[in-house]
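Produce the entire structure from the sequences given, and follow the hints as far as they go.
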Amino acid sequence: MKGNTAHENPLYRECTIEAVIFDLDGVITDTAEYHYIAWKQLGQELGIPFDKEFNEQLKGISRMQSLERILQLGGQDQSYSQAEKADFARRKNEHYVSLLDSLTPEHTYPGIRELLLELRSAGIPAVIASASKNAPQILRALGLESLFQYVVHPDSVAHGKPAPDLFLRGAVEVGAEASRCIGIEDAQAGIQAIKAAGMIAIGIGEENVLKPAGADVVMKDTGGVNLSFLEETLQAFGC
Numbered sequence: 001m002k003g004n005t006a007h008e009n010p011l012y013r014e015c016t017i018e019a020v021i022f023d024l025d026g027v028i029t030d031t032a033e034y035h036y037i038a039w040k041q042l043g044q045e046l047g048i049p050f051d052k053e054f055n056e057q058l059k060g061i062s063r064m065q066s067l068e069r070i071l072q073l074g075g076q077d078q079s080y081s082q083a084e085k086a087d088f089a090r091r092k093n094e095h096y097v098s099l100l101d102s103l104t105p106e107h108t109y110p111g112i113r114e115l116l117l118e119l120r121s122a123g124i125p126a127v128i129a130s131a132s133k134n135a136p137q138i139l140r141a142l143g144l145e146s147l148f149q150y151v152v153h154p155d156s157v158a159h160g161k162p163a164p165d166l167f168l169r170g171a172v173e174v175g176a177e178a179s180r181c182i183g184i185e186d187a188q189a190g191i192q193a194i195k196a197a198g199m200i201a202i203g204i205g206e207e208n209v210l211k212p213a214g215a216d217v218v219m220k221d222t223g224g225v226n227l228s229f230l231e232e233t234l235q236a237f238g239c
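Quick note: the sequence shown uses the numbering used here, first residue 1, plus one each step.
Please note that the accuracy of each hint is not assured.
Claimed, not checked - With a straight-line Cα cutoff of 25 Å, these simulated DSS-like cross-link-like pairs (lysine-lysine) come out: (1) 195 with 133; (2) 211 with 52; (3) 220 with 195; (4) 85 with 52; (5) 52 with 133; (6) 85 with 40; (7) 195 with 211; (8) 85 with 220; (9) 133 with 85; (10) 133 with 40; (11) 40 with 52.
These aren't lab readings, by the way, just hints derived from the structure by calculation.
For clarity, every value in this text was computed on a predicted model and none was experimentally measured.
Following this line, the structure appears as structure tokens:
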């Protein structure tokens, strides 16, 4: 009797992409400058000046984690109560949200809308796994809201990046197996989170920054990221 081939085995799952899980800031659009402006203003009010080089440390982490790093920079991390810190974070976010009013669909990064349409046509879920609580507002402003099957709210998971929680939650919500998911990130903490989740990691940005964090592939920008590229990446680094 002939033995079963892999394709005849009912437990066999073809090596195909089951979900693509995106960071938002720096991958879908660039709101990093808005974060920088809002944090810098708060820092100035607290007497803690900082530059864009320091601001790179705030990429991919939560609002409260960012605030703690700024307070540590100024030696003020023990100077305020939790209520005061929450108020600082609220004020920063209000400023940031006011800056988002200028976002339009034209602010979407090159190739992203086309990629999302390709994924929808192929029946592959697209998910947002961002530390930003403002993700739904940003997607609406960009006209992309309908192209994502799920947006993970950062408060719905126990730990933010570099822990894998956001990415794993996204995969569960769309019924995808982690090893057949591709995560796309521009920050070291995000790449670390993708790899900790057992997913393929594509970095957008500088290779010397994202490769050491564990990125399987690094692209200078999003222009060359299409469905064919994602399928080739899964074959090369995944199942």
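To see whether the hints hold, each was checked on the structure:
1. 195 with 133: holds, 23 Å
2. 211 with 52: holds, 21 Å
3. 220 with 195: holds, 20 Å
4. 85 with 52: holds, 22 Å
5. 52 with 133: holds, 22 Å
6. 85 with 40: holds, 16 Å
7. 195 with 211: holds, 12 Å
8. 85 with 220: Outside the cut-off at roughly 36 Å; violated.
9. 133 with 85: holds, 17 Å
10. 133 with 40: Status holds; Cα separation ~19 Å.
11. 40 with 52: Holds, because 9 Å separates the two Cα atoms, which is no more than 25 Å.
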